[in-house]
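A.B. asks: Single-letter residue listing:
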Amino acid sequence: MSVEPEAHVLGGESQVAPGGLSTGATPTTRGERRALVALVRRGAIGTGGTRLVQSAIAVVVAFALGAVALAANGISPWAAYAALASGSLGGAQSLASTAVQTAPLLVASLAVGISFRAGVFNIGAGGQLGVGALSAALVGGYVHLGSGIELVAMAAASLLGGALWAAVPGLLKAYTGASEVITTLMLTYVAANLIDYAVTGPAKAPGAINQTPQLSGPALLPTLVANTQLTAAILVGLVLVPVVWLLLFRTTYGFRLRMVGLNPGAATAAGFSVRRVGVSVLALSGALAGLAGMLEVAGVLGSVPQNMSLQVGYTAIVVALLGNNAPAGILLASAFLGALTAGSTTMQSAVGVSGPFVVFLEGIMIGSVVGMPALVRAWSRRRRGAARKAGAR
Amino acid sequence: MRELQLIDIDKRFPPNVQACAGVSLTIRAGEVLALLGENGAGKTTLMRIASGVTRPDRGLILRDGEPLTLGSPRDAIGHGIGMVHQHFMLIPRLSVAENVVLGFEGEGRVLDRVRLSREVEHFSEKVGLRVDARRRVDELAVGEQQRVEIVRALYRGAEVLILDEPTAVLTPTETDGLFRVVREMAAAGKAVVFISHKLHEVSQIADRVVILRNGEVVAERPPTTPLGELAALMVGRPVEVPSRSEAVARGQVALELSGASSSGAPGLSEVSMVVGEGEIVGIAGVDGNGQVALEEVLAGVRPLSSGTLALGGSRLERVSPEAIRRLGLVRIPSERHRDGVVAPASVWENLLLFDLHRLGFARHGALRVRAARRRAEQLVAQYGIRCGSVDQSVGELSGGNQQKVVIARELAAEPSVVVAAQPTRGLDVGATAGVHESLLDHRARGGAVVLISADLDEICQLSDRVYVLYEGRVTGTAGPDERERIGRLMAGVAA
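Protein sequence lines, in the order shown, are assigned to chains A and B. If you're matching positions, the first sequence starts at 11 in my numbering and goes up one per residue. If you're matching positions, the second sequence starts at 5 in my numbering and goes up one per residue.
With the rest of the complex left out, here is chain A (with noise of 0.2 Å):
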């Protein structure tokens, strides 16, 4: 077998991508494709920090952009931002609202972050999660434990529907050769439709809304601040960031991880197996996704509805990216994009920001992220050049 790494790993010979990777999907360019690829690439590697450095300024020039697109529109920025940062800082009850929006974002980012270390490009956490959250709320709704292994057992349901959606694009890739990053994004789809599906039949509830059965008692993650809706599950998200860490760079699981996603060529001649590694990582980053998608339904929403919003397996993906897939750096990212996603709703009330305006913000961090390192390298040569000129004088 003669080695060919990109196409190995990253599958380079695909010509369907995702497009806007916060509002959803629509195939696209080979381009674009490359694009994603080489952006992923480029997160896996750098030293933490000038990654830190670049994420930061990633987020100023989100942030003055929105600005202007803001005062363009005849909305002050200040008094934007001044909403946007109480209802997501301002006082216990929007930390409260934060960290809620935080926890399933921080375990989904942790599970695309270790799928992008082994260059396997997770995009469809969104549909694992969904596998996930919908697992959880049968187990919860229609199996009855006692406290404590109700809980325990819809963990296990997530876990496990989500690592079962994710090892289908994995073992298609491993056999079949087909682009995780299709499979991934495509599979997201029929986890809506699915869900959509059950939720509308064989699960609904009883009554008129279309959902499964509401969760109670057991079936809940216990509540940390009275009046809020902050439950147990950001305790779980801020333990998984220490395990995450010890699996990637502690075990021998980790380890050949690790090189795979660096050069396959060197792991397939050191005879560690590409594909299986492929495979076991899409089904670990597909159980951590279903796992968000447990919490998403024992912590806040209660049950699936339909139409559920899978939205944070696409921000998984920029959380990663702006935390260099390092789960220290996952976990800032997610509390900021969370901090974003809680502050947005006071945004849009206060000063009449419509709810998109944070997606728009997502989308030029996204940019600036991955056009930084090209940015500071014209800037350094063009200093240079102008110091030349100026030593030629």
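Since the hints were derived computationally from the structure, they do not count as laboratory data. Treat each hint with caution, since some may be false.
[To be verified] In silico contact screen, one side only, chain A against chain B (beta carbon under 8 Å); selected entries:
#1 SER226
#2 PRO228
#3 LEU245
#4 ARG260
#5 THR262
#6 MET269
#7 ASN273
#8 ALA276
#9 THR278
#10 ALA280
#11 GLY281
The beta carbon of each residue, even a glycine, is placed where N, CA and C say it ideally should be.
Starting from the known structure of chain A, arrange chain B on it as the hints suggest.
C.D. replies: Showing chain B alone in chain A's frame:
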């Protein structure tokens, strides 16, 4: 033209490569000037400046005292300076004649191919470099392509001809042919600049040897200078060239390939060879004659379509990289960046890559980072790997040190057979000596080495026996001292 002078040339490549630092050089008509230096010494950059490809940051170029401004290769050839690059700049799908005249077709709108071919053929005969002007370039052997490059430079009126590592791709016979041409051109009053890092070639062809090191001219010497002195000037310190000791008693058969065929371009066809314990078996051949296929077959990454591979006397039923490695065969891959190192990962992680489970760095799935780093530090000291710390990423090391990482890792696995594929390609003299020493050590300890190399000097210097690959077949075997025979076999001529 009598002479071309380069005065005080500076060239810096960001961020911190000083390719040329105040280099001055005179190239005279009627002589062969050899530019000798290690990889990265600045030879090629300097000549790219002289031929208008690269612009210097500072410095003057004078032709018979007249300053020249060379904005492009076209400017340079206008002033009679032509360069034959290491990677040929020919258009494969065009004919020889078309390639020769490309960009210099002369006046008129219609390209008269017949007249053109005739003209190019006449010209090539006149300069004593016969080429078949009608053939397509991609049908030609590498040596012929090089001849086309030279004809093209001369056709455009080159009086200074710069040849960048011209023998790297040639068989010994082709090399001899090239040397004759070079001598004739010098005799006809042209100036020839011969870039090389091969000492014996330089002393054979040059009238004058200028040695470059770290972007500076360090010395000028006559070609009669002892090779050891030239080497020391080139490297900046005395170099001991490791030499092969007397044959170690031949032990058991370590590796046997019989009737092996594989895919590839070219793949192997019906290759049989035996490698014994305590010997280095060289695989000679011009690049692209099945070396990659052989390397990958031996490492288990390319399957055999027919034939068998046996290690330590037992035939392998299922060939896989893991199985082969378990049986004690390791590889120093020719594509170091693709197969050898994980560049963004640290030194210790790279040293661990293959020995994750073998040496107990894994305990119940946990990685024993501290133990792995300790061992990495030992290997770094033992093999003289120059790095800031074992946490530095391998991609930041020099090529020689990257190769040391690979070799340290592979030899630390205490293999019985080492497959070393182009192990010194791109390395400087010092690093090369280190690699050779490691291979000879392995042999002295009774290990077997398969040395696949396009560098015939390396093959002859290290090998106990030589197989020659030509178009995926073994065309013959030879002793390390039978250079001419090896050369004929490399060219596909029955010896």
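A.B. asks: Double-check SER226 of chain A for me: the hint is only fine if its C-beta lies closer than 8 Å to a C-beta in chain B.
C.D. replies: Since the shortest Cβ distance to chain B is 39 Å, the answer is violated.
A.B. asks: Under the criterion of a CB-CB separation shorter than 8 Å, is ARG260 of chain A in contact with chain B as hinted?
C.D. replies: holds (5 Å)
A.B. asks: For the hint on ASN273 of chain A, does the least C-beta distance to chain B fall short of 8 Å?
C.D. replies: With a minimum Cβ separation of about 4 Å from chain B (threshold 8 Å), the hint on ASN273 of chain A holds.
A.B. asks: Min Cβ distance, THR262 of chain A to chain B: is it shorter than 8 Å?
C.D. replies: With Cβ-Cβ at 4 Å, under 8 Å, it holds.
A.B. asks: Should the interface hint for ALA276 of chain A be scored as holding, given a Cβ-Cβ cut-off of 8 Å against chain B?
C.D. replies: With Cβ-Cβ at 5 Å, under 8 Å, it holds.
A.B. asks: Restraint: MET269 of chain A near chain B, CB-CB cut 8 Å. Satisfied or not?
C.D. replies: holds (5 Å)
A.B. asks: Is the interface hint for PRO228 of chain A satisfied, with its Cβ closer than 8 Å to some Cβ of chain B?
C.D. replies: Status violated, d = 33 Å.
A.B. asks: Identify whether the interface hint at LEU245 of chain A stands, where standing means a beta carbon of chain B within less than 8 Å of its own.
C.D. replies: violated (25 Å)
A.B. asks: Holds or violated: is the Cβ of ALA280 of chain A closer than 8 Å to a Cβ in chain B?
C.D. replies: holds (5 Å)
A.B. asks: Is the interface hint for THR278 of chain A satisfied, with its Cβ closer than 8 Å to some Cβ of chain B?
C.D. replies: holds (7 Å)
A.B. asks: Restraint: GLY281 of chain A near chain B, CB-CB cut 8 Å. Satisfied or not?
C.D. replies: holds (4 Å)
In the structure shown, a violation is registered for the earlier hints numbered 1, 2 and 3, in ascending order.
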